[in-house]
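Asker: Below are the chains, spelled out letter by letter.
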Amino acid sequence: MAKLSQPLQHFTKFESFDLGNELIELALLYKANPALDKAKGEGKRIGCIFLNPSLRTRVSTQLAALNLGLEPIVLNMDKEGWALEMQEGAIMNKGTVEHIKDAAAVLGSYFDMLAIRAFPSLTNKEEDVSDFVFSQFVKYSGIQVISLESATRHPLQSLADQITIRENWSGKKKPKIVLTWGPHIKAIPHAVANSFAEWTLGMDHDLTITHPSGYELDEEFTKGAKIEYNQSKALEDADFVYVKNWSAFNDYGKIISTDASWMLTEDHFKKAPSAKVMHCLPVRRNLELSDEILDGKRSLVQEQAKNRVYAAQAVISHLLGTI
Amino acid sequence: MAKLSQPLQHFTKFESFDLGNELIELALLYKANPALDKAKGEGKRIGCIFLNPSLRTRVSTQLAALNLGLEPIVLNMDKEGWALEMQEGAIMNKGTVEHIKDAAAVLGSYFDMLAIRAFPSLTNKEEDVSDFVFSQFVKYSGIQVISLESATRHPLQSLADQITIRENWSGKKKPKIVLTWGPHIKAIPHAVANSFAEWTLGMDHDLTITHPSGYELDEEFTKGAKIEYNQSKALEDADFVYVKNWSAFNDYGKIISTDASWMLTEDHFKKAPSAKVMHCLPVRRNLELSDEILDGKRSLVQEQAKNRVYAAQAVISHLLGTI
Amino acid sequence: MAKLSQPLQHFTKFESFDLGNELIELALLYKANPALDKAKGEGKRIGCIFLNPSLRTRVSTQLAALNLGLEPIVLNMDKEGWALEMQEGAIMNKGTVEHIKDAAAVLGSYFDMLAIRAFPSLTNKEEDVSDFVFSQFVKYSGIQVISLESATRHPLQSLADQITIRENWSGKKKPKIVLTWGPHIKAIPHAVANSFAEWTLGMDHDLTITHPSGYELDEEFTKGAKIEYNQSKALEDADFVYVKNWSAFNDYGKIISTDASWMLTEDHFKKAPSAKVMHCLPVRRNLELSDEILDGKRSLVQEQAKNRVYAAQAVISHLLGTI
Numbered sequence: 005m006a007k008l009s010q011p012l013q014h015f016t017k018f019e020s021f022d023l024g025n026e027l028i029e030l031a032l033l034y035k036a037n038p039a040l041d042k043a044k045g046e047g048k049r050i051g052c053i054f055l056n057p058s059l060r061t062r063v064s065t066q067l068a069a070l071n072l073g074l075e076p077i078v079l080n081m082d083k084e085g086w087a088l089e090m091q092e093g094a095i096m097n098k099g100t101v102e103h104i105k106d107a108a109a110v111l112g113s114y115f116d117m118l119a120i121r122a123f124p125s126l127t128n129k130e131e132d133v134s135d136f137v138f139s140q141f142v143k144y145s146g147i148q149v150i151s152l153e154s155a156t157r158h159p160l161q162s163l164a165d166q167i168t169i170r171e172n173w174s175g176k177k178k179p180k181i182v183l184t185w186g187p188h189i190k191a192i193p194h195a196v197a198n199s200f201a202e203w204t205l206g207m208d209h210d211l212t213i214t215h216p217s218g219y220e221l222d223e224e225f226t227k228g229a230k231i232e233y234n235q236s237k238a239l240e241d242a243d244f245v246y247v248k249n250w251s252a253f254n255d256y257g258k259i260i261s262t263d264a265s266w267m268l269t270e271d272h273f274k275k276a277p278s279a280k281v282m283h284c285l286p287v288r289r290n291l292e293l294s295d296e297i298l299d300g301k302r303s304l305v306q307e308q309a310k311n312r313v314y315a316a317q318a319v320i321s322h323l324l325g326t327i
Numbered sequence: 005m006a007k008l009s010q011p012l013q014h015f016t017k018f019e020s021f022d023l024g025n026e027l028i029e030l031a032l033l034y035k036a037n038p039a040l041d042k043a044k045g046e047g048k049r050i051g052c053i054f055l056n057p058s059l060r061t062r063v064s065t066q067l068a069a070l071n072l073g074l075e076p077i078v079l080n081m082d083k084e085g086w087a088l089e090m091q092e093g094a095i096m097n098k099g100t101v102e103h104i105k106d107a108a109a110v111l112g113s114y115f116d117m118l119a120i121r122a123f124p125s126l127t128n129k130e131e132d133v134s135d136f137v138f139s140q141f142v143k144y145s146g147i148q149v150i151s152l153e154s155a156t157r158h159p160l161q162s163l164a165d166q167i168t169i170r171e172n173w174s175g176k177k178k179p180k181i182v183l184t185w186g187p188h189i190k191a192i193p194h195a196v197a198n199s200f201a202e203w204t205l206g207m208d209h210d211l212t213i214t215h216p217s218g219y220e221l222d223e224e225f226t227k228g229a230k231i232e233y234n235q236s237k238a239l240e241d242a243d244f245v246y247v248k249n250w251s252a253f254n255d256y257g258k259i260i261s262t263d264a265s266w267m268l269t270e271d272h273f274k275k276a277p278s279a280k281v282m283h284c285l286p287v288r289r290n291l292e293l294s295d296e297i298l299d300g301k302r303s304l305v306q307e308q309a310k311n312r313v314y315a316a317q318a319v320i321s322h323l324l325g326t327i
Numbered sequence: 005m006a007k008l009s010q011p012l013q014h015f016t017k018f019e020s021f022d023l024g025n026e027l028i029e030l031a032l033l034y035k036a037n038p039a040l041d042k043a044k045g046e047g048k049r050i051g052c053i054f055l056n057p058s059l060r061t062r063v064s065t066q067l068a069a070l071n072l073g074l075e076p077i078v079l080n081m082d083k084e085g086w087a088l089e090m091q092e093g094a095i096m097n098k099g100t101v102e103h104i105k106d107a108a109a110v111l112g113s114y115f116d117m118l119a120i121r122a123f124p125s126l127t128n129k130e131e132d133v134s135d136f137v138f139s140q141f142v143k144y145s146g147i148q149v150i151s152l153e154s155a156t157r158h159p160l161q162s163l164a165d166q167i168t169i170r171e172n173w174s175g176k177k178k179p180k181i182v183l184t185w186g187p188h189i190k191a192i193p194h195a196v197a198n199s200f201a202e203w204t205l206g207m208d209h210d211l212t213i214t215h216p217s218g219y220e221l222d223e224e225f226t227k228g229a230k231i232e233y234n235q236s237k238a239l240e241d242a243d244f245v246y247v248k249n250w251s252a253f254n255d256y257g258k259i260i261s262t263d264a265s266w267m268l269t270e271d272h273f274k275k276a277p278s279a280k281v282m283h284c285l286p287v288r289r290n291l292e293l294s295d296e297i298l299d300g301k302r303s304l305v306q307e308q309a310k311n312r313v314y315a316a317q318a319v320i321s322h323l324l325g326t327i
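Read top to bottom, the protein sequences are chains A, U and X. In this note's numbering, each residue carries its 1-based index in the first sequence increased by 4. In this note's numbering, each residue carries its 1-based index in the second sequence increased by 4. In this note's numbering, each residue carries its 1-based index in the third sequence increased by 4.
Among the clues, some could well be false.
No distinction is drawn between identical chains; accordingly, a pair holds when it is met within one copy or between any pair of copies.
[As the list claims (entries may be wrong)] Computed list of lysine-lysine pairs in PhoX-like fashion (alpha-carbon distance at most 20 Å, straight line):
hint, residue 1, residue 2
1, Lys17, Lys143
2, Lys275, Lys237
3, Lys310, Lys48
4, Lys301, Lys143
5, Lys98, Lys190
6, Lys258, Lys98
7, Lys310, Lys143
8, Lys274, Lys237
FYI, nobody ran anything at the bench for these hints, they're computed from the structure. This structure is a prediction, so every number in the text was calculated from the model and none was measured.
Working from the sequences, and respecting the hints, build out all of it.
Answerer: Here it is, written out as structure tokens:
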């Protein structure tokens, strides 16, 4: 096995170029041979806790665990359990049935590792920015925690994205990577966009971010990227174009524009003829991204989805190495 | 193992007498020894995708997979995921979150085999008759697909029914098999009735179908059966009586009659004293079928349910032989 | 393995001091070495059927089964299936889709063992007191059934509680155990309180029960306990204090008091300085029990939750010994 330089306690965000690189390489090893470390997790259990819906994340995490011999147990906290109280000191005389500190501690005592999905409210900025709900699980479970998308980040998606970029780039120069906002009708979290910027910059790529005015992301994630409000200019000579909607960060959770001209079609690629297009899925076709692009040769979306399995497998394997 | 004559790509319907016969025999082998092929599916995963509720199908498919060493992963798409868009070219600016072509392709890349339940709308006849939703999964997943009941057919149920008939018939003549409509208060799909007719005729049995006027099934499935509007006459000398409600096919999805006299009681069997009674379950007692029959010696319903495991095991085993 | 004196058919309630003792000892063996009997359940399947939400019970039962090599399959009957008809002879022309006698028989034919959660209505006293729904599963499944909490009892919780008491008591005298009612805003079942009384008395402990007037529990479970309406007096010299809300039993399912003074704080322990506090979880903080107590050194709630795994493992193991 590849030797990993930096033992992780939790997997919640981008940590370092070296670790990113090691995880990408380990994932590619697993993609070539999923059963390579079949016995590594034997006798161990990972609890996959969902506070929100999921398809790719739900299935790929279970498959990754099984590939390593772990037994995954899925808990749909929102549907099979009950509403969790998040506030310290709350008098619980309303709708919440159990405090997160109690639930997290119990789950921590049952499993060897937890993987947790906790979306933002998009109404309480301070709480969302502090990754409040997810952090409570980390704080009170007492065991290793993997983010299956928190209020601010979606690191397994971003690792899968970086694997996909590595597989699809053989040029000598750094690829030009563009993250473009796409239209949507609902208020969408910032996690995927934040994480994509964080990982792309962290892996020392050249990143341009383009969006309508008012859609500036949190600078914590975008520092080092070029911000270009003219989408057409941003796309020039692009090698990879990552499409994603997000709601406003400054005017928190608001929809400021649904400008359909931001949806990519072949017309947008006149000055970037060989650009590949990425999206984390689920994608709203012909709203965020056109059929033309999604069903054409530029699209890497299915490769990204497939790489979710090996991203998760690399991360779980890495964490197993430290317990 | 029994050698299977005809390699299948998908299991969606009745294919041939020979294949039907082989699947029945293989299922009976597994019933005698469920662990016979315990290693056959090792390292393989089957995704069980439910767009609708399920009890027998859900559990029996998982058990069948486990009997063959496969790892089943269940996804309640309707509850744990989100609403799928089915229309090609749709502008997805309403309630649907992901296009079936994207979801199916991802699931196809994650699993070795898919099993899918997709009920009809009973409002869009053309779409239902073309098995639109189920067919999209087959088209876009790119892997082997097993029907767990589509808009038009329920082939695992029908295979279990044929196994049950074989186990319960030792006569020299062909048994007389009757499919009778039973009353219901809701509009019910045609899938079980269609499939039962398709398999019963395909397995070269003598089939009589009886129902009130207006409840004629799609002739695609019933060609070769006797249609008899007089239930009492249809039941004469019956060896097996399959009870099922369905809504109208011509006046699509409508309830034309709830005539309680069609519900079978012992009185109905005066001219068929040794007839056995079958139903796929769930059954609405004392509406579709009387307690008297269900709790009496004629009833094969529990045997049918039990055979669901071995029907699924035979089918998965057969499909495994071709990948 | 420890030899168990008394083969059980089902695990639904306290049976005897000897069996209780053996289960506690077996659970402690498993706690020290969860993989001790890893092969005991190989090739067997347990169906975990939930008619109500669950966190600890859901996860701990699956883990216990896996520790013994069984394959657990979870079925959320209320969400993944449909509404069950409970009344014998019902004409099923309303909302219920399947009679429990049919569903239970099918599940019984699919699994080697069933584990079932079925809460009370709190509106039909006679039905609840007879454990009607749970008993139907026992009656019609035809296989071994474990209670995951019925209308009247929660025996796996009580076994975990007794394990926790044993681990936390090294005194020579019998510990003084107090069961105290705590306030709540919803009508809560009696099962945990009933079972705790039944097991505590059955294990030959000294039990005092305290609650506001009107909250008397069913004497079937409390005979032999001291009933003390003055909470402060009841708590004097207590070694273990079990906190639980329940609705009225006589004026069935009603909330008679929400008197906040019954919620335990450190002030309540002036005359019981070394008392430990127990609760089955989920607990409504600062309504049933104060943060001060739950987060302090008296609290055994996390130990109780952890012991749920080994309680279930001991019970499943015992039942496996008899099939």
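Asker: Work down the list of hints and note, for each, if the structure agrees.
Answerer: We went through each hint and held it up to the structure:
{"no.": "1", "hint": "Lys17 with Lys143", "in the structure": "within (16 Å within a copy, 37 Å between copies)"}
{"no.": "2", "hint": "Lys275 with Lys237", "in the structure": "within (9 Å within a copy, 77 Å between copies)"}
{"no.": "3", "hint": "Lys310 with Lys48", "in the structure": "between (24 Å within a copy, 16 Å between copies)"}
{"no.": "4", "hint": "Lys301 with Lys143", "in the structure": "between (45 Å within a copy, 19 Å between copies)"}
{"no.": "5", "hint": "Lys98 with Lys190", "in the structure": "between (29 Å within a copy, 10 Å between copies)"}
{"no.": "6", "hint": "Lys258 with Lys98", "in the structure": "between (28 Å within a copy, 18 Å between copies)"}
{"no.": "7", "hint": "Lys310 with Lys143", "in the structure": "between (31 Å within a copy, 18 Å between copies)"}
{"no.": "8", "hint": "Lys274 with Lys237", "in the structure": "within (11 Å within a copy, 74 Å between copies)"}
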